[in-house]
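So the sequences go chain by chain: A and B.
According to this note's numbering, the first sequence is numbered sequentially starting from 1.
According to this note's numbering, the second sequence is numbered sequentially starting from 1.
Think of the hints as simulated: they come from the structure by calculation, not from any bench.
Warning: the hint list may mix true and false statements.
[To be verified] With beta-carbon atoms standing in for the labels, derived distance ranges:
id, chain 1, residue 1, chain 2, residue 2, range
1, B, Ser-55, A, Tyr-97, 37 to 43 Å
2, A, Thr-82, B, Gln-62, 46 to 52 Å
3, A, Thr-82, B, Pro-41, 20 to 26 Å
4, B, Gln-65, A, Arg-39, 19 to 25 Å
5, B, Ala-87, A, Thr-16, 28 to 34 Å
[Unchecked claim] Covered stretches of chain A (chain B as the covering partner; in silico rule of three or more C-beta atoms under 8 Å from a C-beta of chain B):
id, region
6, 11 to 22
7, 62 to 74
8, 93 to 105
Quick caveat: nothing in here was measured; it's all calculated off a predicted structure.
Don't be surprised by glycine CBs; every beta carbon is placed ideally from N, CA and C.
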Amino acid sequence: LMLTQPHSVSESQGKTVTISCTGSGGNIVSNFVQWYQQRPGSAPTTVIHEDIKRPSGVPDRFSGSIDSSSNSASLTISGLTTEDEADYYCQSSDDNYQVFGGGTKLTVL
Amino acid sequence: QVRLVQSGAEVKKPGASVRVSCRTSGYTFTGYHVHWVRQAPGQGLEWVGWINPNSGATMYAQKFQGRVTVTRDTATRTAYMELRRLASDDTAVYYCTRDRTPGWFDPWGQGTLVIVSS
Chain A
1 LMLTQPHSVS
11 ESQGKTVTIS
21 CTGSGGNIVS
31 NFVQWYQQRP
41 GSAPTTVIHE
51 DIKRPSGVPD
61 RFSGSIDSSS
71 NSASLTISGL
81 TTEDEADYYC
91 QSSDDNYQVF
101 GGGTKLTVL
Chain B
1 QVRLVQSGAE
11 VKKPGASVRV
21 SCRTSGYTFT
31 GYHVHWVRQA
41 PGQGLEWVGW
51 INPNSGATMY
61 AQKFQGRVTV
71 TRDTATRTAY
81 MELRRLASDD
91 TAVYYCTRDR
101 TPGWFDPWGQ
111 GTLVIVSS
């Protein structure tokens, strides 16, 4: 399984952005997808786990979805703020191996 | 409070080995796999491998097989990652993280910078 993300996305404050994570060489719906946010100089933190769940403390502006028809997962962030500017990584499993997408740099204009 | 605290930065010469520790607290150490993930400067996250602290079983990414060993000490609740035959492209921040549910990494250690330079 390989996970492909756009290298970068940008959107204005207050708007909505969606980051895609497309699977190849495997079925993305076979295992859960997680999304991590990483700010410069910090370890990743979870924004979405098990496809659609938000950990406590993550605003409901963050949502996850799966589209089996396109073998992809998506992270949607609404009401963008400058605090959302970060790198975002999708991650899933393939048998007992773990796979990360290449990461997407979100710029909030 | 679940915490993973890693050892400090290391500078190594090419061909050497490095051992990074990950001391855990706030949860049952033997109840959750511990994974290692690395991030080269300016690059994305790369999975290295995991250990089952209960059984000691391990699994590694194919890229690192034969060069990495992950171990644990249940008495001190600490996981270790040793990487051998270091090369300059092993320069990276190495993270340990708990597998909270199958495949969900949470939380992460603070990271350990390993620099490989002659």
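(Q) Does the beta carbon distance between Thr-82 (chain A) and Gln-62 (chain B) stay inside 46 to 52 Å, or does it fall outside? (A) This hint is violated: roughly 40 Å between Cβ atoms.
Q) Between Gln-65 (chain B) and Arg-39 (chain A), does the beta-carbon spacing fit 19 to 25 Å? A) 32 Å, violated
Q: With a C-beta cutoff of 8 Å, work out whether three or more residues of the region 62 to 74 of chain A approach chain B closely enough for the coverage to hold.
A: Not satisfied, violated; 0 residues make the cut.
Q: Between the region 11 to 22 of chain A and chain B, see if three or more residues pass the 8 Å beta-carbon test, and mark the coverage as holds or violated.
A: violated (count 0)
**Q.** Distance restraint evaluation - Ala-87 (chain B), Thr-16 (chain A), Cβ atoms, bounds 28 to 34 Å
**A.** 43 Å, violated
Q) So does Ser-55 (chain B) sit 37 to 43 Å from Tyr-97 (chain A), Cβ to Cβ? A) For Ser-55 (chain B) and Tyr-97 (chain A) the Cβ distance comes to about 18 Å; the hint is violated.
Q. Is 20 to 26 Å right for how far apart the beta carbons of Thr-82 (chain A) and Pro-41 (chain B) are?
A. Between Thr-82 (chain A) and Pro-41 (chain B), where Cβ atoms are some 25 Å apart, the hint holds.
Q. Taking 8 Å as the C-beta cutoff, is the stated coverage of the region 93 to 105 of chain A by chain B satisfied by three or more residues?
A. Since three or more residues must qualify, the claim that chain B covers the region 93 to 105 of chain A holds, with 9 doing so at under 8 Å.
Going through the hint list in order, the structure does not satisfy hints 1, 2, 4, 5, 6, 7.
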